[in-house]
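Visitor: For reference, the chains in residue letters:
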Amino acid sequence: MTIGLPRALLYYRYGVIWEAFFKIIGCKTITSPETNKQILNDGIRFSIDECCLPSKIYMGHVYYLIGKCDYILIPRIASCKKRNDVCVKLNAMYDIVKNTFGDISILDYNVDNHNGLNERRAFINMGRALGCSYAKALSAYKNAKKADKLLYEKKVENQNRLLENNDKLKILIVSHSYNCHDKFLGYPISDYIKKLNCVSVFADAADREKSVVMSRKISDSLYWIYNKESIGSIKVLEDKVNGIILLTAFPCGPDSLVNELIMRKVRDIPVINIILDELQGEAGIQTRIESFLDVIKDRARL
Amino acid sequence: MKTGYLGVDTGSISTKGVIIDDENNIIANEYLWTEGNPVNAVKSVLRAIEKQSGDIAVASVGTTGSARKLIGAMLEADVVKNEITAHAVGTLVVFPDVRTILEIGGQDSKIILIDNGIVVDYAMNTLCAAGTGSFLSSQAKRLGIDVEDFGNIALTSNNPTKIAARCTVFAESDLVHKAQIGHKREDIIAGLCLAVVNNYLNNVGKGKAIKPPIVFQGGVSKNSGVVRAFEQVIGEEILVDKNSHLMGAYGAAILAKNNKKGRVFGFDVAKMEFVTKGYECKKCPNNCEIICFYKNNILIDSWGNRCMNGSVAEIMSVKSQ
Amino acid sequence: MKKIISFPHIGNYHIPIEILLKLIFKDSVIMPAPKTTKRTLELGSRYSPDFVCVPFKYNLGNYIEALENGANVLIQAGGGCRYGYYAEIQELILRDLGYEFKFVKLIGHDLHPLNMFRVCKSIGTNISFFRFLYYLLLVIKMVGFIDRTEAYIRENIGFEVMENSFDKLHAEFFGKLRDISNFTSLAHVTKEYEKAFRKIKIDKPENCLKVGVVGELYTAMEPFSNYFLERELAKNKVQVSRFITVTFLFFQKPRDIKKILKSAGKYLKYTIGADGTDSVERSKTLAELGYDGIIHVKPFGCMPEVNAMPMLNNIGRDYKIPVLYFSFDSQTSETGVKTRLEAFYDMLEMRRKSREDITKFENRVSWS
Numbered sequence: 001m002t003i004g005l006p007r008a009l010l011y012y013r014y015g016v017i018w019e020a021f022f023k024i025i026g027c028k029t030i031t032s033p034e035t036n037k038q039i040l041n042d043g044i045r046f047s048i049d050e051c052c053l054p055s056k057i058y059m060g061h062v063y064y065l066i067g068k069c070d071y072i073l074i075p076r077i078a079s080c081k082k083r084n085d086v087c088v089k090l091n092a093m094y095d096i097v098k099n100t101f102g103d104i105s106i107l108d109y110n111v112d113n114h115n116g117l118n119e120r121r122a123f124i125n126m127g128r129a130l131g132c133s134y135a136k137a138l139s140a141y142k143n144a145k146k147a148d149k150l151l152y153e154k155k156v157e158n159q160n161r162l163l164e165n166n167d168k169l170k171i172l173i174v175s176h177s178y179n180c181h182d183k184f185l186g187y188p189i190s191d192y193i194k195k196l197n198c199v200s201v202f203a204d205a206a207d208r209e210k211s212v213v214m215s216r217k218i219s220d221s222l223y224w225i226y227n228k229e230s231i232g233s234i235k236v237l238e239d240k241v242n243g244i245i246l247l248t249a250f251p252c253g254p255d256s257l258v259n260e261l262i263m264r265k266v267r268d269i270p271v272i273n274i275i276l277d278e279l280q281g282e283a284g285i286q287t288r289i290e291s292f293l294d295v296i297k298d299r300a301r302l
Numbered sequence: 001m002k003t004g005y006l007g008v009d010t011g012s013i014s015t016k017g018v019i020i021d022d023e024n025n026i027i028a029n030e031y032l033w034t035e036g037n038p039v040n041a042v043k044s045v046l047r048a049i050e051k052q053s054g055d056i057a058v059a060s061v062g063t064t065g066s067a068r069k070l071i072g073a074m075l076e077a078d079v080v081k082n083e084i085t086a087h088a089v090g091t092l093v094v095f096p097d098v099r100t101i102l103e104i105g106g107q108d109s110k111i112i113l114i115d116n117g118i119v120v121d122y123a124m125n126t127l128c129a130a131g132t133g134s135f136l137s138s139q140a141k142r143l144g145i146d147v148e149d150f151g152n153i154a155l156t157s158n159n160p161t162k163i164a165a166r167c168t169v170f171a172e173s174d175l176v177h178k179a180q181i182g183h184k185r186e187d188i189i190a191g192l193c194l195a196v197v198n199n200y201l202n203n204v205g206k207g208k209a210i211k212p213p214i215v216f217q218g219g220v221s222k223n224s225g226v227v228r229a230f231e232q233v234i235g236e237e238i239l240v241d242k243n244s245h246l247m248g249a250y251g252a253a254i255l256a257k258n259n260k261k262g263r264v265f266g267f268d269v270a271k272m273e274f275v276t277k278g279y280e281c282k283k284c285p286n287n288c289e290i291i292c293f294y295k296n297n298i299l300i301d302s303w304g305n306r307c308m309n310g311s312v313a314e315i316m317s318v319k320s321q
Numbered sequence: 001m002k003k004i005i006s007f008p009h010i011g012n013y014h015i016p017i018e019i020l021l022k023l024i025f026k027d028s029v030i031m032p033a034p035k036t037t038k039r040t041l042e043l044g045s046r047y048s049p050d051f052v053c054v055p056f057k058y059n060l061g062n063y064i065e066a067l068e069n070g071a072n073v074l075i076q077a078g079g080g081c082r083y084g085y086y087a088e089i090q091e092l093i094l095r096d097l098g099y100e101f102k103f104v105k106l107i108g109h110d111l112h113p114l115n116m117f118r119v120c121k122s123i124g125t126n127i128s129f130f131r132f133l134y135y136l137l138l139v140i141k142m143v144g145f146i147d148r149t150e151a152y153i154r155e156n157i158g159f160e161v162m163e164n165s166f167d168k169l170h171a172e173f174f175g176k177l178r179d180i181s182n183f184t185s186l187a188h189v190t191k192e193y194e195k196a197f198r199k200i201k202i203d204k205p206e207n208c209l210k211v212g213v214v215g216e217l218y219t220a221m222e223p224f225s226n227y228f229l230e231r232e233l234a235k236n237k238v239q240v241s242r243f244i245t246v247t248f249l250f251f252q253k254p255r256d257i258k259k260i261l262k263s264a265g266k267y268l269k270y271t272i273g274a275d276g277t278d279s280v281e282r283s284k285t286l287a288e289l290g291y292d293g294i295i296h297v298k299p300f301g302c303m304p305e306v307n308a309m310p311m312l313n314n315i316g317r318d319y320k321i322p323v324l325y326f327s328f329d330s331q332t333s334e335t336g337v338k339t340r341l342e343a344f345y346d347m348l349e350m351r352r353k354s355r356e357d358i359t360k361f362e363n364r365v366s367w368s
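Protein chains in written order, with my numbering: chain A, 1 to 302; chain B, 1 to 321; chain C, 1 to 368.
If we strip away everything but chain A, and leave its shape as in the complex, we get:
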């Protein structure tokens, strides 16, 4: 059996777990390719106009996978722990896909801690739905988590090593993983920063747990877990970086408020807010990044 994994949204957070889990329980996986113009256009075609860009891209990836696998994995995530919700878009992706594409075979799991469904149970249920035993599903989940943890720790370690380097300007990119690591959306920006001989580091490679704790220094009423992690990373890394880019996709609901908060509360370090749009003119964004880096360089010289 082959499970299709759309390379968008939560793939950037859970992809490793998914791949490992399915491999252990004996399923093949196929992952959609990096976002390209075709995927973007398909996504736009199958989305409501007002949807956020990453969710449109997601639809494009789902469309790509139709007919290439037995099931497409569309998880539904509502809340991770108490007071740790996720954007409501992620509550709804399953039903959106179902209502948009009609009769396609979807594999789903539901994480909703408020209603007593934690991730472990969700994975076990999914495993059993695919025909494996409770014990097998549990051990697959545990091993997948372990694999993910190892990789994640390595990522954090690598980034910490980068941060020790003081020859180059270091720019922290605060963004949802599915924005900054998407080949089409955010990658060109970190790539451009590299071309300008600076280093970009990412909010999602700062220590997550530490970030969540530190996020309280900026706001203690925030309840979106992914935003907590990203604003907390500012506090974790602010002494080690020279500037911050808030990378947001239009029209992201949580970011519309959280970015405002950051702009108003983080005042000791240069911050710019870059909004990614499906029709971004690359030239415009490059100019903004260049001038931002120039400002930082001037500051560093003083």
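Keep in mind the hints are simulated off the structure, nothing from the lab. Any given hint could turn out to be false.
[Said to hold, decoys possible] Okay, the calculated beta carbon distance ranges per label pair:
| id | chain 1 | residue 1 | chain 2 | residue 2 | range |
| --- | --- | --- | --- | --- | --- |
| 1 | A | 288 | B | 300 | 49 to 57 Å |
| 2 | C | 258 | B | 115 | 32 to 40 Å |
| 3 | C | 68 | B | 33 | 42 to 50 Å |
Note that beta-carbon positions come from the ideal geometry of N, C-alpha and C, so glycine has one too.
Got chain A sorted already, so can you dock chains B and C onto it with the hints?
Guide: Chains B and C only, in chain A's frame:
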């Protein structure tokens, strides 16, 4: 003397007027720019069609378009209808089997779906003017060509340039960029036409089942480049009537014919003086912006009020005190 | 310094909120924000983040106008989705503008009277918890009655025989509510007005056009934000039904959420955030009840309601019921809204007529 029915469609960019006879034939028509002054534009339209129609008695008047209310008051119209209904009514007379009406006008665009002669669904663009007539003419100006030639130039292209046209601002910078890196002019123009179509289908046309026969109208339907782009993208024949730019006014005339109130219309309104004055009603915290409409210095209508405080009667009573 | 307590608007709810606060804070001045006008929205938009949803802008505008009028304690509610996060950002923006005030978030993550009582204590009141609970229950009951009354008004105002008869009684009714401080007087007023509203002469045909309004709570409940859409519809002799009310949001929904999800049938497996789930379920129910059309309202970019749109599209197609979508923002053009509403009405009427013609035709055929 023949009997005629007048329909006037006053949009933000252009004003259209037609007179039809009892057999729904157009016997006079005029199309000109509103230029920010709908009352004057309608006066010019009236003068032109009076000349064309000769000896005729206008039995009833219908108005439509974004200034339908104002012009309705000015002409004491028998019927004042929104442009979606007017377009549907007009088109159904010319194409009784129509299933889909695509309309792109000066500043807005719409799609109307029809089943068995009944409007079953429609949408109108709401967020921006990208991809409408005024957008195309400003881009034509930027490229230094006449908007009338736009379509024919577009037809010469075999390889339309890809242009991001969801937003006017982005489109302009993208256009400049594409021109600078050496794309051919006709390819850019064809690309713009294609972008207009894609933008339309992704915005107003999103999720709508576009079934043939498809009729395209509004000012932009005169642009053969856009017509071809629609045909390529949708993969169906696109019908364009020779009066496609007048269809709203035509629909208003049909509605007027069906809703006669038995009053005689005189072309002398074109000689009268009409003034609109806006003021903020301070009678309650709503602060409604009330528009008063005067004919030869007499208040004939007002609107914008959300309560009785701002009604015509109330304004008159204040004035007389 | 005397406390001047203020709060933003939504529909007519400023009246019961004011009544409640007056009962709780006897030594303070209770001053609802000045009525929402175009200026409110302009002020709010000027200081709001770029693509935040429009209720944020209205609330912020209400606060600024309240502060201009001397308010020094501002209350914000709180809830799901982005709304729960309004308070912190709004406070920050107002402080950066240089205002001095106390900002209170009335409802935390859970809706517990004890928490609300604690918050009220922190503002400054010496009433006991039991008194507080008494007043709270009183006003909850009052809101329930207001919601029932307004639902009746919505469904019938288009058919009143004498112009303004509903509006006049509505205003009088709110005047009477202001004097209520116990359950007995509430019961009297309830009884009196229940009758009075039903006595208003209406001329309503059995088979009038029926339209249901679904969507996001603020744009559904605050007429200024939806360009008085319900009123425009009523003018055309349409029965307007809307289920989102404060009573629904606070009392029915938390209890019935599982039922609601189930009733949404094949259109939903999971809840899709805030009011999105209800919009889907309600649209399906309205379609099944034989309504002529559905109007879906939301602020531009509202995530839960955008989530609901693919399902609404399917419901529209499956039940052949037209759905009209509105996204409201500070830039929304009133003419555009009116044009689309008028066309919607025309369309419903045309559909109705053709259906009647078909029935007539079929009847004729079967008779002959």
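Visitor: Does each hint hold? Answer for all of them.
Guide: Verification of the hints:
no., hint, result
1, A:288 - B:300: 49 to 57 Å, "54 Å, holds"
2, C:258 - B:115: 32 to 40 Å, "38 Å, holds"
3, C:68 - B:33: 42 to 50 Å, "43 Å, holds"
Taken one by one, the earlier hints all hold for this structure without exception.
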